[in-house]
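2 protein chains.
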Amino acid sequence: MLNCGVHLKIQCEYIGTKYVGFQTQIGQRTIQNELEKAISRYFAAPVKVVGSGRTDAGVHAVGQVVSCLCPREDVKIYQFLLGVNSYLPSDIAVTAAEILPKFNARSDAKAKTYIYKCYVSPTRHPSMDVDHWQLYKPVDIERLRTQAQVLVGTHDFTAFCAELRDKSPIRTIYSLDIQTPTPHEIWFVIRGNGFLHNMVRIIVGTLLEKSDVQAVLKSRDRRRAGKTAPAKGLTLYNVEY
Amino acid sequence: MLNCGVHLKIQCEYIGTKYVGFQTQIGQRTIQNELEKAISRYFAAPVKVVGSGRTDAGVHAVGQVVSCLCPREDVKIYQFLLGVNSYLPSDIAVTAAEILPKFNARSDAKAKTYIYKCYVSPTRHPSMDVDHWQLYKPVDIERLRTQAQVLVGTHDFTAFCAELRDKSPIRTIYSLDIQTPTPHEIWFVIRGNGFLHNMVRIIVGTLLEKSDVQAVLKSRDRRRAGKTAPAKGLTLYNVEY
Numbered sequence: 001m002l003n004c005g006v007h008l009k010i011q012c013e014y015i016g017t018k019y020v021g022f023q024t025q026i027g028q029r030t031i032q033n034e035l036e037k038a039i040s041r042y043f044a045a046p047v048k049v050v051g052s053g054r055t056d057a058g059v060h061a062v063g064q065v066v067s068c069l070c071p072r073e074d075v076k077i078y079q080f081l082l083g084v085n086s087y088l089p090s091d092i093a094v095t096a097a098e099i100l101p102k103f104n105a106r107s108d109a110k111a112k113t114y115i116y117k118c119y120v121s122p123t124r125h126p127s128m129d130v131d132h133w134q135l136y137k138p139v140d141i142e143r144l145r146t147q148a149q150v151l152v153g154t155h156d157f158t159a160f161c162a163e164l165r166d167k168s169p170i171r172t173i174y175s176l177d178i179q180t181p182t183p184h185e186i187w188f189v190i191r192g193n194g195f196l197h198n199m200v201r202i203i204v205g206t207l208l209e210k211s212d213v214q215a216v217l218k219s220r221d222r223r224r225a226g227k228t229a230p231a232k233g234l235t236l237y238n239v240e241y
Numbered sequence: 001m002l003n004c005g006v007h008l009k010i011q012c013e014y015i016g017t018k019y020v021g022f023q024t025q026i027g028q029r030t031i032q033n034e035l036e037k038a039i040s041r042y043f044a045a046p047v048k049v050v051g052s053g054r055t056d057a058g059v060h061a062v063g064q065v066v067s068c069l070c071p072r073e074d075v076k077i078y079q080f081l082l083g084v085n086s087y088l089p090s091d092i093a094v095t096a097a098e099i100l101p102k103f104n105a106r107s108d109a110k111a112k113t114y115i116y117k118c119y120v121s122p123t124r125h126p127s128m129d130v131d132h133w134q135l136y137k138p139v140d141i142e143r144l145r146t147q148a149q150v151l152v153g154t155h156d157f158t159a160f161c162a163e164l165r166d167k168s169p170i171r172t173i174y175s176l177d178i179q180t181p182t183p184h185e186i187w188f189v190i191r192g193n194g195f196l197h198n199m200v201r202i203i204v205g206t207l208l209e210k211s212d213v214q215a216v217l218k219s220r221d222r223r224r225a226g227k228t229a230p231a232k233g234l235t236l237y238n239v240e241y
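For the record, the sequence lines run as chains U and H.
For the first sequence, position 78 (counting from the first letter as 1) is numbered 78 according to the numbering used here, and the numbering increases by one without interruption.
For the second sequence, position 120 (counting from the first letter as 1) is numbered 120 according to the numbering used here, and the numbering increases by one without interruption.
Treat the hints as calculated values from the structure; they're not laboratory data.
Even glycine gets a Cβ: it sits at the ideal position worked out from N, Cα and C.
Be a bit skeptical, because a hint or two may be false.
[As the list claims (entries may be wrong)] Label pairs and their in silico Cβ distance ranges:
#: 1; chain 1: H; residue 1: A45; chain 2: U; residue 2: H197; range: 47 to 53 Å
#: 2; chain 1: U; residue 1: R220; chain 2: H; residue 2: E98; range: 47 to 53 Å
#: 3; chain 1: U; residue 1: Y241; chain 2: H; residue 2: G83; range: 32 to 38 Å
#: 4; chain 1: U; residue 1: I77; chain 2: H; residue 2: R223; range: 36 to 42 Å
#: 5; chain 1: U; residue 1: K227; chain 2: H; residue 2: S90; range: 37 to 43 Å
#: 6; chain 1: U; residue 1: H184; chain 2: H; residue 2: H125; range: 55 to 61 Å
#: 7; chain 1: H; residue 1: D177; chain 2: U; residue 2: A215; range: 33 to 39 Å
#: 8; chain 1: U; residue 1: K76; chain 2: H; residue 2: R106; range: 51 to 57 Å
#: 9; chain 1: H; residue 1: H125; chain 2: U; residue 2: E98; range: 17 to 23 Å
#: 10; chain 1: H; residue 1: D74; chain 2: U; residue 2: R143; range: 17 to 23 Å
#: 11; chain 1: U; residue 1: K76; chain 2: H; residue 2: D212; range: 33 to 39 Å
[Stated by the list, open to error] The calculated DSSO-like cross-link candidates involving lysine-lysine, where the alpha carbons are at most 27 Å apart (straight line), are:
#: 12; chain 1: U; residue 1: K210; chain 2: U; residue 2: K110
#: 13; chain 1: H; residue 1: K48; chain 2: H; residue 2: K76
#: 14; chain 1: U; residue 1: K110; chain 2: U; residue 2: K232
#: 15; chain 1: H; residue 1: K137; chain 2: U; residue 2: K9
#: 16; chain 1: U; residue 1: K18; chain 2: H; residue 2: K18
#: 17; chain 1: H; residue 1: K137; chain 2: H; residue 2: K232
#: 18; chain 1: U; residue 1: K137; chain 2: H; residue 2: K9
#: 19; chain 1: H; residue 1: K167; chain 2: H; residue 2: K227
#: 20; chain 1: H; residue 1: K137; chain 2: U; residue 2: K76
#: 21; chain 1: U; residue 1: K18; chain 2: U; residue 2: K37
#: 22; chain 1: U; residue 1: K48; chain 2: U; residue 2: K137
#: 23; chain 1: H; residue 1: K18; chain 2: U; residue 2: K232
#: 24; chain 1: H; residue 1: K102; chain 2: H; residue 2: K48
#: 25; chain 1: U; residue 1: K137; chain 2: U; residue 2: K232
#: 26; chain 1: H; residue 1: K137; chain 2: H; residue 2: K76
#: 27; chain 1: U; residue 1: K18; chain 2: H; residue 2: K227
#: 28; chain 1: U; residue 1: K48; chain 2: U; residue 2: K9
#: 29; chain 1: U; residue 1: K102; chain 2: U; residue 2: K48
#: 30; chain 1: H; residue 1: K37; chain 2: H; residue 2: K232
#: 31; chain 1: H; residue 1: K167; chain 2: H; residue 2: K218
#: 32; chain 1: U; residue 1: K232; chain 2: H; residue 2: K232
#: 33; chain 1: U; residue 1: K137; chain 2: H; residue 2: K76
#: 34; chain 1: U; residue 1: K9; chain 2: U; residue 2: K102
#: 35; chain 1: U; residue 1: K76; chain 2: U; residue 2: K9
Take the sequences, apply the hints, and build the full model.
Here's what the structure looks like:
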């Protein structure tokens, strides 16, 4: 692989609906694959990207960050963005890029923010269908807010993990805010140093279903937690370095 | 047609992207057609709907209102909403309904609010692609706000009309607010007693392109106004009765 010794930090946005997830899987449409094809085509050289983390099938991003070794030193960022975007499908775009002496989107990530969006209505709302989960019945927002605070801090999140892929189930949640941007919408805005597999979606499912989140957390038993909320409501909002 | 003497007032929401507009055209996919098929199927009787107005090809709605003669008197609204929604495609939904002794969605409409959404960015943003118009260069918001006020009030809007379909080109704009819900978004929120063909989209194009909107208005000459902004940015937000 060509490498001039510098790295590219690339921010990207995508609608995950039509992809099996971020990470490359043979014979499947993935975000990573599309990004690598477009960036390689722009540089006319094979490029592999590293994402800040894998987003699951159907999960969206407005602030995913990926990195790669840069095949050239004289990259004009504006040209790069326009060029790569012209090679990407309409549901994926690169929105910013930067050249850095050294940068790894995964290992350098300090914090991530996800937003999980729901709307409450007995009827469908097509304008929110792509990136919201529909809840049919009203939700007690104050109860959600109180229970959400139980999860803030450093904890063993085994109960909120689909499958342990890393060494440790300990993570730190810096904040978990329940926002209501419109009267029918509920957003779970969660910022942490990292998240276990399906952790945000299990947290959302549990907050909506269970009354004693403290007991679920302490049990370290996935069966005590709520259902995994559907992927379509989840958006990777921001990654901090 | 069956008719028990009462009327249905139905609110609906749709993503206009895949439709040639609201109004029925033979052999084409239209919103009106899909609504009539679904409502007729629910009642097992042919139903024709009247819309508050026609939205053009590609224009969206979150608060369109349609009316029809009701084939039955004993309509259970909740059942009706669930039933009709199950017969509609995923990009159209009915969101509320009401039985009224007399109601015509077109002639009873007192005011309508449209929102035209833009975002400013040199790169594409897939999360806003469906219902925003992308502007590549920064816009002077204060200039927009000042020029927008010129159009508020009762005027001859001939310069802002693609094709005069009604008797009079006189319309009243009650308010035209320029909002910036996020740092990169510009929303034109326009409320009036009615709008000429393409009027909102020509107003948006003109406000973005021209510096002397007063002169354009007074000219009553379509050629003096700006381009028609693309349909995809426009959403019928609300109809008042």
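Going down the list of hints, with the structure as the test:
1. H:A45 with U:H197: 47 to 53 Å: 52 Å Cβ-Cβ, so the 47 to 53 Å window holds.
2. U:R220 with H:E98: 47 to 53 Å: About 51 Å separates the Cβ atoms of R220 (chain U) and E98 (chain H), which means 47 to 53 Å holds.
3. U:Y241 with H:G83: 32 to 38 Å: 51 Å, violated
4. U:I77 with H:R223: 36 to 42 Å: 40 Å, holds
5. U:K227 with H:S90: 37 to 43 Å: Taking Cβ atoms as reference, K227 (chain U) and S90 (chain H) lie about 23 Å apart, which means the hint is violated.
6. U:H184 with H:H125: 55 to 61 Å: About 24 Å separates the Cβ atoms of H184 (chain U) and H125 (chain H), which means 55 to 61 Å is violated.
7. H:D177 with U:A215: 33 to 39 Å: 49 Å, violated
8. U:K76 with H:R106: 51 to 57 Å: Between K76 (chain U) and R106 (chain H), where Cβ atoms are some 54 Å apart, the hint holds.
9. H:H125 with U:E98: 17 to 23 Å: Holds: the Cβ-Cβ distance is about 18 Å, inside 17 to 23 Å.
10. H:D74 with U:R143: 17 to 23 Å: With Cβ atoms ~38 Å apart, the hint is violated.
11. U:K76 with H:D212: 33 to 39 Å: Holds - the Cβ-Cβ distance for K76 (chain U) and D212 (chain H), about 38 Å, lies within 33 to 39 Å.
12. U:K210 with U:K110: 30 Å, violated
13. H:K48 with H:K76: 19 Å, holds
14. U:K110 with U:K232: The hint holds at about 25 Å.
15. H:K137 with U:K9: 24 Å, holds
16. U:K18 with H:K18: 18 Å, holds
17. H:K137 with H:K232: 19 Å, holds
18. U:K137 with H:K9: 24 Å, holds
19. H:K167 with H:K227: Answer holds: K167 (chain H) to K227 (chain H) is near 24 Å, not above 27 Å.
20. H:K137 with U:K76: 19 Å, holds
21. U:K18 with U:K37: 17 Å, holds
22. U:K48 with U:K137: 45 Å, violated
23. H:K18 with U:K232: 21 Å, holds
24. H:K102 with H:K48: Since the Cα atoms of K102 (chain H) and K48 (chain H) sit roughly 15 Å apart, the hinted pair holds (cutoff 27 Å).
25. U:K137 with U:K232: With Cα atoms ~19 Å apart, K137 (chain U) and K232 (chain U) stay inside 27 Å; holds.
26. H:K137 with H:K76: Cα-Cα ~51 Å, so violated.
27. U:K18 with H:K227: Roughly 34 Å separates the two Cα atoms, so the pair is violated.
28. U:K48 with U:K9: Holds, at about 13 Å.
29. U:K102 with U:K48: Holds. K102 (chain U) to K48 (chain U) sits at ~15 Å (cutoff 27 Å).
30. H:K37 with H:K232: Holds: K37 (chain H) and K232 (chain H) sit about 25 Å apart, inside 27 Å.
31. H:K167 with H:K218: 19 Å, holds
32. U:K232 with H:K232: Within the cut-off at roughly 23 Å; holds.
33. U:K137 with H:K76: 19 Å, holds
34. U:K9 with U:K102: 9 Å, holds
35. U:K76 with U:K9: 13 Å, holds
Violation of the numbered hints given earlier is confined to hints 3, 5, 6, 7, 10, 12, 22, 26, 27; the remaining hints are satisfied by the structure.
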